[in-house]
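Single-letter residue listing:
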Amino acid sequence: MPEAHLEPQAAVATGYGQSKWVAETVLKRTSEMTGIHTVIARVGQLSGDSVSGGWTTKEWFPAMLRSSQALGCIPQHTLVSLDSALDMSVGGDIDRWV
Amino acid sequence: MDVAATALVEMLDAPASMSGTVFHIAHPRPASGGTLFGHAGTLLGLPLVSHEEWLGRLKGANTGEVEAQMRIPALALLDFFEDSLGADGALVLSTERASAASRALREVKGLDESAVESWVKYWRKIGFLDA
Numbered sequence: 001m002p003e004a005h006l007e008p009q010a011a012v013a014t015g016y017g018q019s020k021w022v023a024e025t026v027l028k029r030t031s032e033m034t035g036i037h038t039v040i041a042r043v044g045q046l047s048g049d050s051v052s053g054g055w056t057t058k059e060w061f062p063a064m065l066r067s068s069q070a071l072g073c074i075p076q077h078t079l080v081s082l083d084s085a086l087d088m089s090v091g092g093d094i095d096r097w098v
Numbered sequence: 001m002d003v004a005a006t007a008l009v010e011m012l013d014a015p016a017s018m019s020g021t022v023f024h025i026a027h028p029r030p031a032s033g034g035t036l037f038g039h040a041g042t043l044l045g046l047p048l049v050s051h052e053e054w055l056g057r058l059k060g061a062n063t064g065e066v067e068a069q070m071r072i073p074a075l076a077l078l079d080f081f082e083d084s085l086g087a088d089g090a091l092v093l094s095t096e097r098a099s100a101a102s103r104a105l106r107e108v109k110g111l112d113e114s115a116v117e118s119w120v121k122y123w124r125k126i127g128f129l130d131a
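As you go down the protein sequences, you meet chains A and B in turn.
Every letter in the first sequence is one number past the one before it in my numbering, and letter 96, counting from 1, is 96.
Every letter in the second sequence is one number past the one before it in my numbering, and letter 89, counting from 1, is 89.
Pulled out of the complex, with its shape left as it was, chain A reads as follows (with noise of 0.2 Å):
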């Protein structure tokens, strides 16, 4: 996925898509209409600091972890969010942990 302006079909899957889609709309208008310095940033899976590793407990990924210590296994694969691209790009997307 380029970094660019997307056509909104890419965000209708979910009101989550949607809702990233209008914001950067609307900061894309309010530069082109206003000259106004705007800066529109696409977070991936934010994992845990690189220093102390620290990360919240309140994400799938611990929560995937403290239960397979439970239920005595891990799952295989890749989990990703396919809910759409605009999804993927601002949240779902697992193979890009900054």
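I should point out that these hints are in silico values taken from the structure, not numbers from a laboratory.
As the structure is a computational prediction, the values presented were derived from the model and not from experiment.
Incorrect hints may appear among the rest.
[Said to hold, decoys possible] Pairs of lysine-lysine residues, derived as PhoX-like cross-links and limited to a Cα-Cα distance of at most 20 Å, are as follows:
| id | chain 1 | residue 1 | chain 2 | residue 2 |
| --- | --- | --- | --- | --- |
| 1 | A | 58 | B | 121 |
| 2 | B | 121 | B | 109 |
| 3 | A | 58 | B | 125 |
Could you slot chain B onto chain A? The hints should help.
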């Protein structure tokens, strides 16, 4: 997350000519989720099983009691884990512009076993994961 935060600040300082630009704050040299799961399994001494088997065990553990929810937080995310099942064709996010604008992103360490180890160590320290 510290790298992502630094990258965001660096992007805000991007030249005005880049106004309205879209940046992807994502790892420029990604590790596959499967690899990271594998490292976690090794560290926790847990066997890797198929998604289907894991989901089956997860559902089987759903007693509806609060104690089960506490011990197995994935129960609250059952729909998410079911929807995500088997989807391993991850979309690749271009990070060309982001890397050009952010030194932190350009120089970010690779996500290897030691990264997973540091997260697991932290979660053990705070008592979220068993030792």
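Right, here's what the structure says about each hint:
{"no.": "1", "hint": "58(A) <-> 121(B)", "verdict": "holds, 17 Å"}
{"no.": "2", "hint": "121(B) <-> 109(B)", "verdict": "holds, 18 Å"}
{"no.": "3", "hint": "58(A) <-> 125(B)", "verdict": "holds, 16 Å"}
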